[in-house]
Amino acid sequence: MINRLKNLEAASDTFNMSIELINNKKYIILEIPAMAPEFLMNQERIYLDGRNLYPCKVEIRTKEGDLYICIEYKNILLNKKLEPDQVSLK
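Residue numbering for the sequence shown follows the numbering used here, starting at 1194 and increasing by one per position.
Treat each hint with caution, since some may be false.
To be verified - Taking lysine-lysine pairs in the BS3-like style, the calculated list, with each CA pair at most 27 Å apart, reads: (1) Lys1256 / Lys1274; (2) Lys1219 / Lys1267; (3) Lys1218 / Lys1250; (4) Lys1273 / Lys1256; (5) Lys1219 / Lys1250; (6) Lys1267 / Lys1218; (7) Lys1274 / Lys1219; (8) Lys1250 / Lys1273.
As the list claims (entries may be wrong) - Label-pair restraints from in silico Cβ distances: (9) Asn1268 / Gly1243: 35 to 43 Å; (10) Glu1257 / Asp1278: 20 to 28 Å; (11) Ser1211 / Lys1273: 26 to 34 Å; (12) Leu1260 / Ile1212: 32 to 40 Å; (13) Phe1208 / Leu1233: 33 to 41 Å; (14) Gly1258 / Asn1217: 24 to 32 Å; (15) Lys1273 / Glu1213: 25 to 33 Å; (16) Asn1216 / Ile1264: 26 to 34 Å; (17) Leu1260 / Met1210: 15 to 23 Å; (18) Glu1257 / Ile1215: 35 to 43 Å.
To be clear, the hints were calculated from the coordinates, so they are not data collected in a lab.
Ideal Cβ positions, reconstructed from N, Cα and C, are used throughout, including at glycine.
Between the sequences and the hints, there should be enough to build the whole structure, so can you do that?
Right, dumping it as structure tokens:
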């Protein structure tokens, strides 16, 4: 997830966030440019659970809008709680 946060920070000027109801479940969807070869992939969508903000799914789409990669998170395990001064995105 730290890599995802780094991508969000790098793409902050083109970052989009929306809330969608899919199959009666609320998701927060973050859209950023894909950090991949630009000629191949265009957009990355990160789906977060609307209740606990755990990642659920990541989709990477081509420039034509076709789904190229889909990663679904089934089991989420969290590390111990980190204090803000322990986390560095550099």
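Check each numbered hint against the structure and report the violated ones by number, ascending. 1, 4, 9, 10, 12, 13, 16, 18
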